[in-house]
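> Listed here are the chains, written in short residue letters.
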Amino acid sequence: MTAAMTHDLFVYDDDSAFERHMPPFVAEGVDEGDAVAVVLTAANRELMRDALGAVSDRVTFIACESHYTRPEAALADYDATVRGYLRNGATGIRLCGELPDFERDDEWDRWVAYEAILNRAFAGYPLQIMCVYDERRLPESVVAGARTAHPHLVGDVHGPNPEFGDPADVVRAAMRRPVEPLPELTALPDGSDALAFRGELRRALAEARVPDADARGMLTAADEVLANAYRHGGGTSLVRCGRVGDRFVCEIADRGGGYDDPLAGYLPPRPHAADGAGLWVARQLTRDLDLLPAPDGGLAARLWI
Amino acid sequence: MIDSDFALAVRPGEHACTRAADASDRERIAAAFVRDGLDRGNKIVYLCDRGDVEELVARLGAHDCRVQQALATGQLEVHPAHDFYCRDGVFDPDAVLARWHEGYRRARAEGYRALSLTGEMSSALCEIPGIDGLGRYEQGIADLLRDDGGVAFLCQYDHGRFASGVLAEAAATHPVDVSPELAPIGRVGCLSAARVHPGPTLRLAGELDFDVSDTVAAVLDAHYHGDLQLDLADLRFVDVAGMRALRGRKGQRLRIIAASHAVETMVRLLAWDSDPAIEMPPAGTAVAA
Chain A
1 MTAAMTHDLF VYDDDSAFER HMPPFVAEGV DEGDAVAVVL TAANRELMRD ALGAVSDRVT
61 FIACESHYTR PEAALADYDA TVRGYLRNGA TGIRLCGELP DFERDDEWDR WVAYEAILNR
121 AFAGYPLQIM CVYDERRLPE SVVAGARTAH PHLVGDVHGP NPEFGDPADV VRAAMRRPVE
181 PLPELTALPD GSDALAFRGE LRRALAEARV PDADARGMLT AADEVLANAY RHGGGTSLVR
241 CGRVGDRFVC EIADRGGGYD DPLAGYLPPR PHAADGAGLW VARQLTRDLD LLPAPDGGLA
301 ARLWI
Chain B
306 MIDSDFALAV RPGEHACTRA ADASDRERIA AAFVRDGLDR GNKIVYLCDR GDVEELVARL
366 GAHDCRVQQA LATGQLEVHP AHDFYCRDGV FDPDAVLARW HEGYRRARAE GYRALSLTGE
426 MSSALCEIPG IDGLGRYEQG IADLLRDDGG VAFLCQYDHG RFASGVLAEA AATHPVDVSP
486 ELAPIGRVGC LSAARVHPGP TLRLAGELDF DVSDTVAAVL DAHYHGDLQL DLADLRFVDV
546 AGMRALRGRK GQRLRIIAAS HAVETMVRLL AWDSDPAIEM PPAGTAVAA
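Quick mapping for you: the protein sequence lines, in order, are chains A and B. Here our numbering is used: position 44 in the first sequence is 44, and no number is missing along the way. So our numbering is basically just the index in the second sequence, starting at one, shifted up by 305.
Bear in mind the hints are in silico, worked out from the structure with no lab data behind them. Glycine included, every Cβ here is placed at the ideal spot set by N, Cα and C. Please note that a few of the clues may not be correct.
What the hints assert, rightly or not - Chain B side only, calculated, beta carbon under 7 Å to chain A, not exhaustive: (1) 391; (2) 415; (3) 417; (4) 468; (5) 494; (6) 574; (7) 575; (8) 579.
Stated by the list, open to error - Here chain A is said to cover these stretches of chain B; the calculated rule only asks that three of the stretch's residues, wherever they fall, bring their Cβ under 8 Å from a Cβ of chain A: (9) 326-340; (10) 401-408.
Kindly produce the complete structure, drawing on both the sequences and the hints.
In structure tokens, the structure reads:
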């Protein structure tokens with residue numbers, strides 16, 4: 001059992017290093033009575049099973065490509081998994097995971113941000129996370145990013161990670177994207193009547209033929225952002241929505257003093273937390289949620305479905 | 306125009322009463338009830354206990370443009386309550402109940418899906434001979450609802466006109482009670498609430514968002530103490546602020562006996578499903594509200 005969360009990085013480039021370091025981490029967890037899950041590629045699941053022998057029956061094996069679909073979903077899944085283990089009486093939890101392959105650079109960037117977010121998202125849980133990076137398979141820039149997102153190193157080099165950076169800085173750097181003006185969006189009413197706003201947005205979603213489940217998600221997500229704009233941002237300065245290519249966008253700009261918390265909406269809510277769950281919900285229900293500086297100094301949230 | 310800002314916390318097959326003191330509160334509930342009946346393809350019978358039936362029709366029409374058409378086709382009937390209840394000058398519960406049964410059969414024969422009945426219970430009714438049989442009458446309605454599927458019955462008690470004993474009895478004989486302390490919830494956004502017996506359970510219908518969450522929290526704070534049992538199957542929209550309003554005092558237990566998809570989604574996203582202070586129905590029993 002562990003008192004607090006650990007988040008270790010294991011970088012390797014041959015299978016014997018994997019076999020030397022990873023199965024013992026898993027086996028030790030089983031020994032200590034921890035709940036243990038491994039989220040790996042097919043090849044590494046095979047290596048792990050072979051090394052563990054009969055012990056592997058007490059380990060949950062998950063295919064990494066089915067778990068790591070998008071960072072928001074992976075955070076929610078891990079959160080639910082961890083809460084489930086704890087509810088069922090686990091006193092310690094060990095996860096050993098590696099990212100599958102992604103195609104686009106911006107996807108990889110988001111997973112680097114995800115690694116940084118983990119440090120905050122699960123702080124306080126009796127959870128040991130071991131992240132496996134195969135240098136032969138993963139892009140060099142991703143491994144370099146991972147080196148800034150893990151506080152501790154495991155392997156032939158072992159100990160505190162000197163490259164570890166403030167998670168907020170890592171997320172900010174990883175998620176920096178050019179801002180498109182999106183002139184094709186059309187204005188909606190200012191949202192001072194939330195019920196009427198949802199009515200208008202419902203109509204726009206139906207006109208754009210957005211599927212029902214996506215439309216419901218967008219409606220709730222936009223409502224949460226609107227609530228923030230009125231509760232914390234002095235109301236809205238511009239509300240727009242419409243189709244952009246094959247996606248639907250709703251943009252809500254507020255009149256506040258701006259906001260710079262790159263982790264906003266990425267930390268799973270705790271049952272009695274007073275605030276902050278709105279953006280979490282909005283991120284969970286949309287494909288992307290960009291927080292941008294609004295032209296007049298406020299905050300603009302762009303929700304994509 | 307159809308006033309979409311009205312929610313209704315009464316379902317088919319239920320016997321409900323509203324005891325609101327404020328005429329505009331009762332009117333909102335009655336208009337929502339009429340609209341619900343029209344939406345369902347029901348025959349609607351409205352017993353009007355005021356001097357001016359025309360005025361009532363005009364007011365209902367202002368909330369829903371389909372009202373005139375429904376009157377013309379016979380889908381909506383408005384009758385003076387006094388004449389309906391006292392055909393022979395006396396209130397005879399059994400005779401009135403027999404007329405309701407007959408009305409249901411006729412509505413079904415005319416092709417309507419069911420019957421929505423609502424009656425204003427106010428001034429003149431208090432003085433008619435035989436009104437002491439009101440309790441027996443209300444009891445008989447329960448049998449009617451059991452026998453004739455899909456009938457909904459809304460009794461509109463004018464809080465100012467009845468003695469408190471009659472109102473208490475009314476509350477006791479109606480399983481669904483849009484009770485006076487819930488009236489503020491009906492005035493904001495598109496939201497309605499009712500107490501459902503036995504339980505008692507608080508039922509919310511409509512949209513519970515950050516605009517109305519403070520109102521709900523204030524009503525709960527003033528009138529609901531201790532553990533809270535909730536029926537949220539008719540909540541078609543809810544956001545984080547709305548969910549938080551239900552939390553009430555710290556440590557208060559919540560028992561959610563029915564949940565819409567919107568509520569289920571929010572419970573999952575907020576991790577309420579692992580909170581020991583919250584009891585949920587089994588997953589997968591959500592209702593598409």
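> Each of the hints needs a verdict: does it hold here or not?
Verification of the hints:
Hint status for residue 391(B) relative to chain A: violated, with the closest Cβ pair at about 42 Å, above 7 Å. The criterion of a C-beta within 7 Å of any C-beta in chain A is not met by residue 415(B), whose closest approach is roughly 34 Å, and the hint is violated. Hint on residue 417(B) is violated. Least Cβ distance to chain A is approximately 29 Å, over the 7 Å limit. About 38 Å separates the beta-carbon of residue 468(B) from the nearest beta-carbon of chain A, more than 7 Å, and the hint is not met.
With a cut of 7 Å, the hint placing residue 494(B) at the interface with chain A holds, because the nearest CB-to-CB distance is about 5 Å. Hint status for residue 574(B) relative to chain A: holds, with the closest Cβ pair at about 5 Å, below 7 Å. The restraint placing residue 575(B) at the interface with chain A holds, with a minimum CB-CB distance near 5 Å, inside the 7 Å limit. A least Cβ separation of about 4 Å between residue 579(B) and chain A falls short of the 7 Å threshold, and the interface hint therefore holds.
Against chain A, the stretch 326-340 of chain B contributes 0 residues with a C-beta closer than 8 Å to a partner C-beta. That does not satisfy the three-residue criterion, and the hint is violated. For the stretch 401-408 of chain B, the stated coverage by chain A is violated: 0 residues have a C-beta nearer than 8 Å to a C-beta of that chain, whereas at least 3 were required.
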